[in-house]
Amino acid sequence: MTSPKRILSTLGVYVILLAAAILTLGPFLLSVMTGLKSPAQFASEDSLALPRPFSLENFTTLLTGPGQFGSAILVTLAMTSVIVIFQLGFSVLAAYAFARIDFAGRRVLFWVYLAGLMVPNIVLVIPLYLMMVELGLRNTFWGLVLPFMFGSPYAIFLLREYFRGIPQDLVDAARIDGAGHWRTLVSIIVPLSKPILATLSLITIVSQWNSFLWPLVITTGPDWRVITVATATLQSQYNGNWTLVMAATTLALVPLVVLFLAFQKQVVRSITISGFK
Amino acid sequence: MLAPSLFGLAAFLVLPILVVLWLSFQSWDLLSPITPVGGANYADVLSDPTFYNSLAVTLFFVVIVIPVQTALGMIAASLLTRGLPGSLFFRTIYILPWVCAPLALGIVWRWILAPSDGLLNDLIGSRIEWLADPALALPSVAAVVVWSNVGYITLFFMAGLLNIPQHILDAASIDGAGPIATFFRIKLPLLRPTTFFVLVTSIISVFQLFDQIYALTGGGPFVVTDAGTYGRTDVVASRIYSEAFATFDLGRAAVMAVVLLVLLVVLTIGQQLYFGKRTTYDLS
Chain E
1 MTSPKRILST LGVYVILLAA AILTLGPFLL SVMTGLKSPA QFASEDSLAL PRPFSLENFT
61 TLLTGPGQFG SAILVTLAMT SVIVIFQLGF SVLAAYAFAR IDFAGRRVLF WVYLAGLMVP
121 NIVLVIPLYL MMVELGLRNT FWGLVLPFMF GSPYAIFLLR EYFRGIPQDL VDAARIDGAG
181 HWRTLVSIIV PLSKPILATL SLITIVSQWN SFLWPLVITT GPDWRVITVA TATLQSQYNG
241 NWTLVMAATT LALVPLVVLF LAFQKQVVRS ITISGFK
Chain W
1 MLAPSLFGLA AFLVLPILVV LWLSFQSWDL LSPITPVGGA NYADVLSDPT FYNSLAVTLF
61 FVVIVIPVQT ALGMIAASLL TRGLPGSLFF RTIYILPWVC APLALGIVWR WILAPSDGLL
121 NDLIGSRIEW LADPALALPS VAAVVVWSNV GYITLFFMAG LLNIPQHILD AASIDGAGPI
181 ATFFRIKLPL LRPTTFFVLV TSIISVFQLF DQIYALTGGG PFVVTDAGTY GRTDVVASRI
241 YSEAFATFDL GRAAVMAVVL LVLLVVLTIG QQLYFGKRTT YDLS
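Line by line, the protein sequences are chains E and W.
Everything in the first sequence is counted per the working numbering, starting at 1 for the first residue and increasing by one.
Everything in the second sequence is counted per the working numbering, starting at 1 for the first residue and increasing by one.
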């Protein structure tokens, strides 16, 4: 039964959804569009005019010139990889202990981990900065990654839930065949946990690629600059040179947009099961 | 097996909290040696209008921005759960800002809102100082924050709405409830756990708000009065950052961090006590 009233209301819903979608996508498209314009076109034409011709000038300037975005991208990739690998590895170990090994104080310790989720970054940044200065790790790669390598409460929490869902029978069977904890973890638990591990890797990649406050604080100068810090620095140095700045934001945004579109089902699921930030 | 992450917990969570407590009783400008000053930092910060200003700005986000983005997320979620084709496509688009670097998006918005060659002023043909006018800066920044968060919130309300059993909605419609009555009398009460979750994560995220502020205004525009200097968008995190790494007074920054931590602990306990008693409906 489709009354005219119903058709009209459906049409209204689509108009609202479409308007919201344009508003959401606008800044992304504008960043790419403006990044592809020559400064001359930007200065002379309307902001919404399409780039004519497409100019890669801003991007080559960024990658070869003063912004040192080539280096920033490499540092960001290295930082992200190291943190993803170590954080997940150590979180898997801890989650296994919480899920499958009985030890005194297990519950209390787990609550301490959970409480850690509540502490804002900005509270930890000041003392961590002091600690890294004392260790002589300011403006080094290790200073960048060390605080995040040893597991995250958030990953431990999600992995523990997942591990507990794995049937005890499987674990018992492995035990009877003589497998210890390590063997059980490597040949039973981890292979069965691929979906959650993939999800957690995605989340960690996203949050590390985007991370800004800690890299801003702990690094100085171009050597260990990550892409967000390079973008912010460029914006303050070339204020008003918007085509160059938009090329920089495009470089910071596009890899994650692509990653998100490729894995959007996993990302969406991971957000809903966990409230990831 | 627990050893590495236990080390991480001790070294990068527990120890920093102890260090920040200790540092709040010291004076440190990054260059000279750290020297103890007793409670001077506390007396200083707790009588400083700049700090209270940053708490007020943060409170603005809690009481204005959170309700607005929660309501918008709820509306978007109800529109997206009508079973219309393309709903998932729209959902994907709406989450995009949440996945991307807040810093980079903040800089894109800085251009859009720029006074002379920014897009918005170009479109409406004016020269409004969206980010530098003391009256406009906070609403502008708030709008950008809402823009980034709505999709994420929508996602949770969609999940919540899709969890409501159809037979309950059918029963309501047989009893003659219209869409508005159904929303307020049936959906909203049943969504309470989702709403609670969204509000709690939103409040925690307000205290984390930094990247977008840094990109858009750096906490400004700063208004100088006899009593002190007030940053119109100077949220707590941005104030702490400025104290530590712009004016190099890490003792004061540590005090602010401690106060923030205490506030959050009190808030969390309060939330648990308040919402712990409220009714939720078990549908299982």
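What the hints contain is simulated information worked out from the structure, not anything from laboratory work.
It is possible that part of the hints are untrue.
Result set (SDA-like, lysine to any residue): computed pairs, CA atoms no more than 25 Å apart in a straight line [claimed, not checked]:
| id | chain 1 | residue 1 | chain 2 | residue 2 |
| --- | --- | --- | --- | --- |
| 1 | E | 5 | W | 170 |
| 2 | E | 194 | E | 84 |
| 3 | E | 265 | W | 159 |
| 4 | E | 265 | E | 5 |
To see whether the hints hold, each was checked on the structure:
1. E/5 / W/170: Since the Cα atoms of residue 5 of chain E and residue 170 of chain W sit roughly 21 Å apart, the hinted pair holds (cutoff 25 Å).
2. E/194 / E/84: holds, 15 Å
3. E/265 / W/159: holds, 14 Å
4. E/265 / E/5: violated, 34 Å
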